[in-house]
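**Q** Heads up: the sequence lines are chains A, B and C, in that order.
Residues in the first sequence are numbered consecutively from 332, following the working numbering.
Residues in the second sequence are numbered consecutively from 242, following the working numbering.
Residues in the third sequence are numbered consecutively from 1288, following the working numbering.
Heads up, some of the hints might be wrong.
[Said to hold, decoys possible] Among the chain A residues that face chain C by a calculated CB cut under 8 Å, a handful are: (1) Leu384; (2) Phe386; (3) Leu402; (4) Asn405; (5) His409; (6) Leu427; (7) Ala431; (8) Leu445; (9) Ala446; (10) Ile450; (11) Leu567; (12) Tyr610; (13) Gly611; (14) Val629; (15) Trp633; (16) Arg634.
[Unchecked claim] If you want a taste of the chain A side facing chain C, the calculated C-beta under 8 Å gives, among others: (17) Leu338; (18) Tyr340; (19) Ile442; (20) Asn457.
Please keep in mind that the hints were generated in silico from the structure rather than gathered at the bench.
Ideal Cβ positions, reconstructed from N, Cα and C, are used throughout, including at glycine.
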Amino acid sequence: MRMTRYLPYVLGAALAALFPLFSGAYLEQVAVGMLIYLTLALSWDMLLRSGQLGFGTAGFFGLGSYAAILLFLNVGVHPFVSIAFGGVVAGVVALLVGLAVLRLRGMYFAITTLALAGIFAVVLRNFPGLTGGSEGRMLPNCIYAGNTTKIYWLVLALAVFTIVISEVFERTRIRLALTSIRNDERVAKSSGVNVFKYLVFVFAVTSAIQGLAGGTYAHVFGFVSPEGSFSANFLLLPLAMALLGGVHSTWGPVVGGLVLGALSEYLKLQIPYGHLLVYGAIIVVVTLFLPQGLMGTVRAWWRRSHVTRGAQ
Amino acid sequence: MAVLRTEALERRFGGLVAVHDLTFELAENEILGIIGPNGAGKTTAINAISGLYMPTAGRIFLGEEDITYSPPHVRCHLGIGRTFQLVHPLVDLTARENIMVGALFGQHRSLRQARKTAEEIAAQLGLERIDRSVSDLTVLEIKKLEIGRALASDPKVLFLDEVMAGLNSDETKAALDAVRGIRDQGVAICVVEHVMSVIRDLTDRVIVLDGGTIIAEGPYSKVSADPRVIAAYLGEEE
Amino acid sequence: MTLFRTLRRWQLLLLLASLGVPIVLMLWKPYVLIEGLQRGGLYAVIALPMALILGVVGIINLAHGEFMMLGAYFAYWMGVYAGLDPLVAMIPAVVAFALLGAITYVLTIRRALKAPELNQLLLTFGMAMVGTEFANLMWTSQPLKPHLSYVYSSVALGKLRFGTYAFIYTAAAIVLLVLLQLFLRKTRLGRAALAVGQNPRGARLVGIDVNRTYLLIFSVSIALVGALGAMFLTRHSVFPSAGSPFTMKSFCLIAMAGIGNLPGVVWGGFGLGIAEALVSSFRGYGGWADVVFFAVLVAVIMGKSYRRQTA
Chain A
332 MRMTRYLPYV
342 LGAALAALFP
352 LFSGAYLEQV
362 AVGMLIYLTL
372 ALSWDMLLRS
382 GQLGFGTAGF
392 FGLGSYAAIL
402 LFLNVGVHPF
412 VSIAFGGVVA
422 GVVALLVGLA
432 VLRLRGMYFA
442 ITTLALAGIF
452 AVVLRNFPGL
462 TGGSEGRMLP
472 NCIYAGNTTK
482 IYWLVLALAV
492 FTIVISEVFE
502 RTRIRLALTS
512 IRNDERVAKS
522 SGVNVFKYLV
532 FVFAVTSAIQ
542 GLAGGTYAHV
552 FGFVSPEGSF
562 SANFLLLPLA
572 MALLGGVHST
582 WGPVVGGLVL
592 GALSEYLKLQ
602 IPYGHLLVYG
612 AIIVVVTLFL
622 PQGLMGTVRA
632 WWRRSHVTRG
642 AQ
Chain B
242 MAVLRTEALE
252 RRFGGLVAVH
262 DLTFELAENE
272 ILGIIGPNGA
282 GKTTAINAIS
292 GLYMPTAGRI
302 FLGEEDITYS
312 PPHVRCHLGI
322 GRTFQLVHPL
332 VDLTARENIM
342 VGALFGQHRS
352 LRQARKTAEE
362 IAAQLGLERI
372 DRSVSDLTVL
382 EIKKLEIGRA
392 LASDPKVLFL
402 DEVMAGLNSD
412 ETKAALDAVR
422 GIRDQGVAIC
432 VVEHVMSVIR
442 DLTDRVIVLD
452 GGTIIAEGPY
462 SKVSADPRVI
472 AAYLGEEE
Chain C
1288 MTLFRTLRRW
1298 QLLLLLASLG
1308 VPIVLMLWKP
1318 YVLIEGLQRG
1328 GLYAVIALPM
1338 ALILGVVGII
1348 NLAHGEFMML
1358 GAYFAYWMGV
1368 YAGLDPLVAM
1378 IPAVVAFALL
1388 GAITYVLTIR
1398 RALKAPELNQ
1408 LLLTFGMAMV
1418 GTEFANLMWT
1428 SQPLKPHLSY
1438 VYSSVALGKL
1448 RFGTYAFIYT
1458 AAAIVLLVLL
1468 QLFLRKTRLG
1478 RAALAVGQNP
1488 RGARLVGIDV
1498 NRTYLLIFSV
1508 SIALVGALGA
1518 MFLTRHSVFP
1528 SAGSPFTMKS
1538 FCLIAMAGIG
1548 NLPGVVWGGF
1558 GLGIAEALVS
1568 SFRGYGGWAD
1578 VVFFAVLVAV
1588 IMGKSYRRQT
1598 A
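Using the sequences provided together with the hints, build the complete structure.
**A** Below is the structure:
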């Protein structure tokens, strides 16, 4: 019983881990990009489950990138240590920002987090001695000397780690706390949920994951710059993925990430300069016409057909 | 010994005084009714006591403890439970999970304990379809659900804000029995209600609010004969 | 009672600051005052239509700056193909963007009016991205700017020599504020719009066509911001992401003033402009001017939450 329940997960993990055996370097590179964005999409959704719309993914991603690269270049630690440092820096900054901004909700939180990427970029640009200013900094060598198979496994580990954290959120009291805050904050408070504490906690954890993703990405591509590391793509793509797949669950953003990740490669080849337009359009269309996303719609459809069949 | 006590409680919104000079006690095992015309400050009083609004003056004691400025979740931990005037179920959770929220966060129980507590409370309240989504439940079931959620946090004092509104007479009877059952477990209960027969049948004592303050207090039979109350409330439309 | 007194003290302080700071600046750093009023005028005039939409339709339009950016492109291409000066191109821009606003409203905003606030934010964020990427696709990320000689006009007062053209933004902010106030208070339509903003259900009960009011206010606001894009182009280059900082700064001003307070938006705009100019005026710290608005925004949010707790 137990075995069959976990079988799909085991199979999926095995398939993902063995992917390099039957793919070339090109597909591995595609998968690396896809998994990074998938990680961001999932972390964004984990915050959304508390009813808070954060636009800070690009900001914390870039912050983690810079923290990881600067520690690596200036102190000379192991790349993994520097990536972890990127996560810690992003998490701590999110904690401080959250303590201030999570006292208000809705648009105040959303827009303040939207401003973060620009703010971090300005601050980093203004310490050119350390950060290289507008030029940014380059690594002498990328991680694993650019071996795509090893890089793929590293990024896969990051994505799996995020999926595990997300499932921990889904299977413990955290899910009930976040859902109650999203559904009705007054009820949550009156039922004993320390709303502020949970919100700051989730904001810090999800931002730390974005920082880890940034640190990993920076090591994979070997550079940081204000333009590149804080690019709006690191906000736009994850949002489109999570919304398309379906929010408020682990598997929605994962499915959305896989679908859009594959699609984005195709689009990049078809319309090299404007493929990002499609993501914006996906956000608009899904928000208006498919608020449950693919997974939510499938789930609702399954439930409906199931219930009617049960009634007959 | 009073379970809950307020002293000259006041809550203003800008220039508007919603509640003022509200002093009352709730004894152990008591069912207290709060009545008054619309806008008399009943719900504001509950919000101030449960912590959703901070009082602008006065004090609130739960037993010996001064909770005047405690945040709402702390008041819940200390033993204040409440329901809301219009039903506020947590729509993305099942019925069981709704009740579990109270058990998990009101008293720090484990998931397993909380699941069991939810089952016990549901059985006590006669809530059967516990694993259904909230959207499948009837009004009576949702009301029971909300009482159950408040109950799951082990309150010493339970505020019920118009739980009988919208129920038919059979359902009201079922709800009355449920409330009495809760009292028999040793919970002091404070009901805000518009349905006078409910107040008459259920309460040991009634306080009447008008214009944010108490204008009469005593058993229902005495209060309902008070000319000031009749003028303020019963004469209005009832 | 104490709250009332502190509020008054706040207001007094604000009044003193709004009189005292310019006087001090005029003596100490006159350029900061001049540049601040010019910059702040631009922020204020662009924030006003956003404040109007938020106040009446109740939607925060995260694509606001992108509409301005598209307006600037519109004016640029009007200049290239029709030989129109950007300031003249404001007239066709009003027509084109009123239409664009109406289409946007009917296709998207109207469907999201009853949706949760988060969906509205996501929707307009998606629209902003569509706008930016559309510009990227059509015109690449290359900054574009027409050559206009009149923007370099300047004047000398004693030893002080400064550009005068940018005062057009200061003037535009004040004129637009006055016009909007007149519209909202004196005209039937404007009063209806105010009523809808305060209480849509009540407005519907007294016979106001709420949906049409929303459509009107949204189109007018987009028409305004499109035309302001043309005015923006006279002094600045346009590129796909030129608009997004203005969304942010506009929201900052609205948050500072409070929803529905149009004069507050303009005062806030001048305040922000002067603060930015002051920061830029210190040699070596000019790069920090772009974070001033963020500091203001966080301070405003802290202040609001503090007041909410005590009130």
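**Q** Could you tell me which of the numbered hints above are not met by this structure, giving the numbers in increasing order?
**A** Numbers 3, 4, 5, 6, 14, 15, 16, 17 and 18, in rising order.
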